[in-house]
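Undergrad: Be aware that the sequence shown starts at 22, since it is given in this note's numbering, and climbs by one per residue.
Just so you know, the hints here were simulated from the structure itself, not pulled from any lab data. In this text, all values refer to a predicted model and were calculated from it rather than measured experimentally. Incorrect hints may have been included.
[What the hints assert, rightly or not] Below, a list of computed lysine to aspartate or glutamate pairs in the EDC-like style, where the Cα atoms sit at most 20 Å apart: (1) K191 - E239; (2) K158 - D168; (3) K191 - E161; (4) K158 - D148; (5) K158 - E128; (6) K127 - E154.
[What the hints assert, rightly or not] Here are the in silico distance ranges between beta carbons for each label pair: (7) A200 - T37: 23 to 31 Å; (8) R224 - R259: 35 to 43 Å; (9) G85 - D248: 15 to 23 Å; (10) I25 - D248: 29 to 37 Å.
Glycine is no exception: its CB is placed at the ideal position from the N, C-alpha and C atoms.
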Amino acid sequence: MNTIRSALVFIWMVVTVIPVGLAMLLFSLFVSEKKLWWWFAVPYLRGVIQAARLIAGVNYRVHGEENLPSADDMRRIILCPKHQSTWETFFFPSMTAHRLAYVFKKELLRIPIFGWCMGVADMIHIDRSARSEAWNKVAEQGSVLMDRGKWIIMFPEGTRTERGSKGVYKTGATRLAVATAAYVVPIAVTSGRCWPRRSFAFRPGVIDVSIGQPISAEGRQPEELMDEVERWIEAEMRRLDPEAYQF
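Produce the entire structure from the sequences given, and follow the hints as far as they go.
TA: Here it is as structure tokens:
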């Protein structure tokens with residue numbers, strides 16, 4: 022039954038992204054990126070989260086939502102979530118009061134429709150093989166986008182990790198925070214419980230999303246700031262999902 026439910030969710034995702042994506046690309050010729058975000062991107066992403074909930078039984082609960090700055094708060098914000106699944110890439114844009122800009126590898130732009138829409142959504146795509154150039158682009162564009170009211174979202178582990186494991190926390194997000202006087206928001210996400218990485222099968226259950234308090238980067242060093250982010254996230258992961266951290 023889970024296989025059938027999972028297949029239905031993915032069919033829904035593919036079928037709906039075509040008209041929504043094409044409409045977004047068409048309207049990108051006439052309206053601002055801000056309108057594209059709220060008219061097309063956010064409703065589609067919310068639809069994916071709701072389809073997973075209603076069809077596949079993947080529910081969620083948010084802890085510490087009050088820690089997210091409000092819509093009229095113009096502080097520079099960088100979200101640093103735990104990354105176990107594709108689920109959170111859909112979830113965060115669907116629930117934040119500000120537009121988000123992901124830092125992602127440029128190869129994703131080649132995905133028909135979905136990648137093209139990412140291209141018009143004013144995000145930061147980088148060439149991972151050219152590290153110094155990639156960092157310069159993140160620093161330059163990140164500052165500009167945050168000044169426009171966007172929040173930057175960067176997964177500090179870089180890639181999805183197995184449930185109950187920990188990747189290497191890289192300092193890209195905290196380097197950007199220090200360089201731009203931004204605030205870093207650590208976030209724990211137990212999405213691997215319901216949508217394991219490298220899997221197309223959902224597992225019914227509840228994903229916990231715990232949002233920490235914004236941490237100012239003023240007067241901090243990237244390494245020790247990321248150490249604080251890592252300690253908070255990993256401790257929170259063990260609190261939220263103790264079954265995955267028994268060893």
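Undergrad: None of the hints should be skipped; say for each whether it holds.
TA: Evaluated hints:
| no. | hint | in the structure |
| --- | --- | --- |
| 1 | K191 - E239 | 19 Å, holds |
| 2 | K158 - D168 | 15 Å, holds |
| 3 | K191 - E161 | 19 Å, holds |
| 4 | K158 - D148 | 10 Å, holds |
| 5 | K158 - E128 | 16 Å, holds |
| 6 | K127 - E154 | 13 Å, holds |
| 7 | A200 - T37: 23 to 31 Å | 38 Å, violated |
| 8 | R224 - R259: 35 to 43 Å | 20 Å, violated |
| 9 | G85 - D248: 15 to 23 Å | 20 Å, holds |
| 10 | I25 - D248: 29 to 37 Å | 44 Å, violated |
Comparing the model with each earlier hint shows violations of hints 7, 8, 10; every other hint is respected.
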